[in-house]
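Participant: Produce the complete structure using the sequences and hints provided.
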Amino acid sequence: MRAQFRTRIRIVLVGIVLVAVLIVVRLYFIQIVYGQDYSDKADRQFASGSSGLFDRGSIYFTRKDGTLISAATLVTGFLVAINPQTLRDPEGVYREIAPLSSTTLSHDAFLAAAKKKGQVYIEVAHRLSAEDGQALAAKELPGVQVLKQRWRYYPGGTLASQSIGIVSYGSGDTLSGRTGLEKVYDETLSRSGDSLYKNFFAQLFSNIGDLLVNSRDAHEGDIITTIEPEVQTRLADNLAKVNQKYSSKESGGIIMDPATGAIIAIASFPTYDANHLKSVNPALLNNPLVERVHEFGSIVKPLTMASGLDAGVITPQSTYNDTGCITVNKATICNWDLKARGVIPMKEVIMQSLNMGVAWIAGQLGQEQFRTYFTKLLSEKTGVDLPSEGRSLMSNLQKPQQIGYSTASFGQGIAVNAVQMIRAEGALANGGVMVVPHLARAVRLNTGIERPIDWDKKVRVFSPEAARATAAMMTEMVDVKLDNGKAKIPTMSVAAKTGTAQLTDGEGGYYKDRYFHSFVGFFPSYAPRFIILLYTNDPRGVQYASETLDQSFLDLVHFLIEYYEVPPDRGVPTQAGAVTTPTP
Amino acid sequence: MYKHPLMFKYSAVALGYGMVATLAVIYIGLIAVVVSYAALTVEYSQSVRNDEAAVAQLEARYLATVSKITKTDYASAGYAKPVAKTFVATQSATALR
Numbered sequence: 001m002r003a004q005f006r007t008r009i010r011i012v013l014v015g016i017v018l019v020a021v022l023i024v025v026r027l028y029f030i031q032i033v034y035g036q037d038y039s040d041k042a043d044r045q046f047a048s049g050s051s052g053l054f055d056r057g058s059i060y061f062t063r064k065d066g067t068l069i070s071a072a073t074l075v076t077g078f079l080v081a082i083n084p085q086t087l088r089d090p091e092g093v094y095r096e097i098a099p100l101s102s103t104t105l106s107h108d109a110f111l112a113a114a115k116k117k118g119q120v121y122i123e124v125a126h127r128l129s130a131e132d133g134q135a136l137a138a139k140e141l142p143g144v145q146v147l148k149q150r151w152r153y154y155p156g157g158t159l160a161s162q163s164i165g166i167v168s169y170g171s172g173d174t175l176s177g178r179t180g181l182e183k184v185y186d187e188t189l190s191r192s193g194d195s196l197y198k199n200f201f202a203q204l205f206s207n208i209g210d211l212l213v214n215s216r217d218a219h220e221g222d223i224i225t226t227i228e229p230e231v232q233t234r235l236a237d238n239l240a241k242v243n244q245k246y247s248s249k250e251s252g253g254i255i256m257d258p259a260t261g262a263i264i265a266i267a268s269f270p271t272y273d274a275n276h277l278k279s280v281n282p283a284l285l286n287n288p289l290v291e292r293v294h295e296f297g298s299i300v301k302p303l304t305m306a307s308g309l310d311a312g313v314i315t316p317q318s319t320y321n322d323t324g325c326i327t328v329n330k331a332t333i334c335n336w337d338l339k340a341r342g343v344i345p346m347k348e349v350i351m352q353s354l355n356m357g358v359a360w361i362a363g364q365l366g367q368e369q370f371r372t373y374f375t376k377l378l379s380e381k382t383g384v385d386l387p388s389e390g391r392s393l394m395s396n397l398q399k400p401q402q403i404g405y406s407t408a409s410f411g412q413g414i415a416v417n418a419v420q421m422i423r424a425e426g427a428l429a430n431g432g433v434m435v436v437p438h439l440a441r442a443v444r445l446n447t448g449i450e451r452p453i454d455w456d457k458k459v460r461v462f463s464p465e466a467a468r469a470t471a472a473m474m475t476e477m478v479d480v481k482l483d484n485g486k487a488k489i490p491t492m493s494v495a496a497k498t499g500t501a502q503l504t505d506g507e508g509g510y511y512k513d514r515y516f517h518s519f520v521g522f523f524p525s526y527a528p529r530f531i532i533l534l535y536t537n538d539p540r541g542v543q544y545a546s547e548t549l550d551q552s553f554l555d556l557v558h559f560l561i562e563y564y565e566v567p568p569d570r571g572v573p574t575q576a577g578a579v580t581t582p583t584p
Numbered sequence: 585m586y587k588h589p590l591m592f593k594y595s596a597v598a599l600g601y602g603m604v605a606t607l608a609v610i611y612i613g614l615i616a617v618v619v620s621y622a623a624l625t626v627e628y629s630q631s632v633r634n635d636e637a638a639v640a641q642l643e644a645r646y647l648a649t650v651s652k653i654t655k656t657d658y659a660s661a662g663y664a665k666p667v668a669k670t671f672v673a674t675q676s677a678t679a680l681r
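Chains Z and W, in that order, give the protein sequences.
Going by our numbering, the first residue of the first sequence is number 1, and it counts up by one from there.
Going by our numbering, the first residue of the second sequence is number 585, and it counts up by one from there.
Among the hints, erroneous ones may be present.
For the chain Z half of the interface with chain W, some residues (derived, Cβ under 7 Å), not all of them [stated by the list, open to error]:
(1) 75
(2) 155
(3) 229
(4) 375
(5) 376
Everything labelled a hint here was simulated from the structure, so no lab data went into it.
Treat the numbers as computed from the prediction; the structure is a model and nothing was measured.
Glycine is no exception: its CB is placed at the ideal position from the N, C-alpha and C atoms.
Facilitator: The following block contains the structure:
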């Protein structure tokens, strides 16, 4: 029994010794025989640990059929680094790397980096495609490391770039959202840097509850916007054309659902491509649609009209004596053509865009009522989910001089941002109720659950009757006046108003020959699906907004009718029969 | 010594060793499962990210195509707008049979 036991022990010992010898031999081959090969291989290692790669949630556009299209996502590729201590042929290496990426260091900078023999790691090129990176790694260039890299990518390029925003390094070494939705929803889009291993073990022995129900899953996710990519493209294209045709300083536009506040398109020109930030003018990173305020001019007149109707100081049948010009507090204000109209009804105020008419309504309202309406409409922040919303300039309505109220009634002397303006005008399209304009409709959590964002805060400013009566005047303006009646769509009621405001000269006065053009409209007039606001700042060689923006507005209206198959609301027989309408 | 049939066959020390051994095996197994789970999760999340990146390239092509179509001047391409549209009242599905 004991002898048998000894034999077994010897067999085990021999086995252990054999295994040890095998391991020693293997180590000898790895470290001594093939040591240099492995060292070179490690130097060229291109599959770096994934835990250090940048991670962030996506932002999506929503097509009309509900399909999500990435507005901001991640792309995986490679970066190139050199080890100056082992780099053998800097010139040859540079020739290999330079064509692969626009981010490669300049020739001189590369050679300077290669001479830094005290360093072992210097990054020389970023954002190589997967194919290029793997091809470069396969060349096994001594002293060249090809490492995995992940970065933010915006498939739409310039599409809604100022609203989507950018990700960049701030004062620290962490990438985070700096502008637009990237900034507003940074907490949702950011991903914690905990590796799965560390996290799992830490939780396993400390907080099993968190392991079962991950608290990060409750707030980390993707952002789903209301922006429709094809509508966005159409709006951006129209604005670019206007801006280039009239050499404007800038142009902007918003298309919104007036009932919900969902922004379907929001664009400005000039803009930038967030994939190529190195060449971007930093001033363009701001979103002018929320951050800049303008005097919008006559598109404010429908708001004055609705205020007068809502307060009961006028009715659609009211008349006034239009004298062409009036003097208020020693200042003279006139109609755009300086002409008097005599005694005319209210609808002519909108149809002919008469400054005297709205100034008269402001007088009927009185300063306190006028201030109350306009403060509610234009003074408050909209709550839009974009950062750095500009404050409106309404100080004229805090002064006792009537001239401030008279000019405010036709959109001069008060300045608001574009989102504030479309929100206020949206009340006319939405039965007198203002909604919260917004870009994000839901958060898609890591668990896959889609959590809608609540934007249900509504503010009533006008009665439905006042809003409808104003919409009727704006509809008649389109049918009769816009483009001399050629803009009328026989099968669709469209309400609109143009605005031409003089630009301030920065010295307390206004330029005589420089203007800010704006255009607002919605359709169908009495149950609107869309409201459109357009503007172009300082267009050259043209005076009125009806000349610069009407074609863009009408193009967008026809596009939206076709694209969303908006059913006709007039001019179509309800019984058997047909009606033929000319196309624009 | 008389041994009752229901009496426990092993000593407390032996039982202790057995339990420790069992717990050690379970612990090692748990670690193996955890490491495998984490490795697989990382691998799958990488795979998802790679697929998303590939989809992003397709989306970029889609959006570029939308932009190209929007910018196309159909008149210069030889197309003409229809001169008129005709709207007809819809018939019920029953009437069409």
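Participant: Tell me, which hint numbers fail for this structure?
Facilitator: As far as the earlier hints go, 4, 5 are violated by this structure, in ascending order.
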